[in-house]
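Protein chains: 2
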Amino acid sequence: METVLVSRAVEQHDLDSVPNRTRLEFTHAGTRLVLNLDLFNFGCDLREEERHYRHLSPPFCRLFHFAGAVSPGAEIIIGGAVHRLDTAGIYLLNAEHSFDVRYFAGSKLCYAHLRLADHTRSSVFHDAPGLLRIEQPVISAYLEHAWETGMPLAIQSAAAAAMSEFVAPHLERLRERSELFSRFAPVLAAIDRTPPARLRVSELADVMQMTPFALSKSFRRKIGMPLKEYLNTIYLDRARELLTCSGGTVEDVAVLLGHSDVHYFYHAFRRLTGLSPGEYRAERMNFGTKTDESPEIARI
Amino acid sequence: METVLVSRAVEQHDLDSVPNRTRLEFTHAGTRLVLNLDLFNFGCDLREEERHYRHLSPPFCRLFHFAGAVSPGAEIIIGGAVHRLDTAGIYLLNAEHSFDVRYFAGSKLCYAHLRLADHTRSSVFHDAPGLLRIEQPVISAYLEHAWETGMPLAIQSAAAAAMSEFVAPHLERLRERSELFSRFAPVLAAIDRTPPARLRVSELADVMQMTPFALSKSFRRKIGMPLKEYLNTIYLDRARELLTCSGGTVEDVAVLLGHSDVHYFYHAFRRLTGLSPGEYRAERMNFGTKTDESPEIARI
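Protein chains in written order, with UniProt numbering: chain A, 1 to 300; chain B, 1 to 300.
Pulled out of the complex, with its shape left as it was, chain A reads as follows (with noise of 0.2 Å):
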């Protein structure tokens, strides 16, 4: 029984092999809660020239801060709106919301990819609107010093900084969804350590000591959305994020998310979404201005 522990262990390390998470275990209001911050990607651009990209549907969030008093910034187009985006701010543009940016020449922007997640894999800013701003200067400080000296450390410390001020308005909501997922505790254990293609309701149901269809019932009366969607989704952020951000093949994509065979992958991934994992990616990486100078934007 221990051997098998033991091997569930290492599929849970190689299914959250992303480069850089943190987990944050902390209480609000007697309830305790858990954030995961997963960064994909970092770094520190200057633009020499201006540029603009067009980024659809992105499966994880960004954050931007554009370094120094004499920055220019950006301009962004998103749910219709023109944003200006300054250096006195903290931007993060939400997942999911498709947007046109346009960086003025002589900008300096750090940035991150990253996903902000509770316990129930829930993006934490999955109702929010597509431009979050906050502007806090001792974090924007904070922000460009961690920057340069890029060590994932100290970026992985100022994100979660930064992260925390925007969660702020969002905790209550975390702390109710939690005590609602309170009575499926051994669900999310169970969904911790199994990759996302191999969840299956029955499977769950037996860990609750309860039949698939109770379990099902259960689940939607108390969270409001079928069990099997909530499996899907988990499925998809995962699997749009590893298309997205992992440098693999498809079929490394399709072994890391638990498939036995990459036909299952293409099957479900089209089931889901319309697309094959081979056209969403190509869709992701068709950018009329994608350059050698940002290859971290157009790789994207």
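Each hint should be verified, as a subset may be incorrect.
[What the hints assert, rightly or not] Facing chain A, from chain B, some residues (calculated, C-beta under 10 Å):
1) Arg21
2) Arg23
3) Phe26
4) Thr27
5) His28
6) Leu39
7) Asn41
8) Gly43
9) Ala81
10) Ile139
11) Ala146
12) Met151
13) Ala154
14) Ala161
15) Ser164
16) Ala168
[Said to hold, decoys possible] Covered stretches of chain A, going by a simulated chain B footprint (3 or more residues, C-beta under 8 Å):
17) 19-30
18) 130-141
19) 166-176
Calculated from the structure, these hints are not laboratory results.
Bear in mind the structure is a predicted one, so any value in this text is a computation, not a measurement.
The C-beta atom is built at its ideal place from N, Cα and C for all residues, glycine as well.
Following the hints, put chain B in place on chain A, whose structure we already have.
Just chain B now, with coordinates in the frame of chain A:
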């Protein structure tokens, strides 16, 4: 089998029920590192009168920062040397180093009691001096901001920010240690899910599919420390933290450690320290200067 997993997960949660934990996972020079930052206690005190305290072999580290430009700070005697703590510095008072501290009247102190350990559960500062100092105005400003908010999430992020500076010179040593332990990954995973009083060499040998003798020999040769001694250290670190940081009774601590009977706790703790759990705790509460005005210091 699934049910056993869930039951262990619950134990793990009880075992690690520290109020605030930040887990940082990142890659350093190609090696994946994990750091766990546990905050047992934190606060911000204005000391209106000069105060003197003696701390005997504290089981956790202290993060100290004196806020404001006019704060007179403190004087500390540690390892036979006298140091002045000023407002420009951020200080780490290392665990296990006894010290005397004199807070000058008018000092505003942001503090946290913490432990920073790698995935082998060893303190990052195990071999470091009793007093460490960094000077980084950007982080000082962020610490003061976070402590003013009083929000656990902000304070965790700020403590992680300070720790990422303190830990930078130790990263290469942590990487080497991680490499040394790499062949014992299943042992570390088993330790993570087992309350420390229930750790047995025979069960760890099972997860490695080795005999207890072969595991002990391999561990000692690779790590340079007997496995049994390593397990005792993990047990004792946790026992001492719980005795000094939790408000629970000695019986509560025994349960959290995984003892089936409090008498086993008395026996094991006395064998390892020469003191009973109650004597250990009482010794750390016995300050001549104990006052109600500084309960958080006087308590420990």
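For which of the previously enumerated hints does the structure constitute a violation, in increasing order of number?
7, 8, 9
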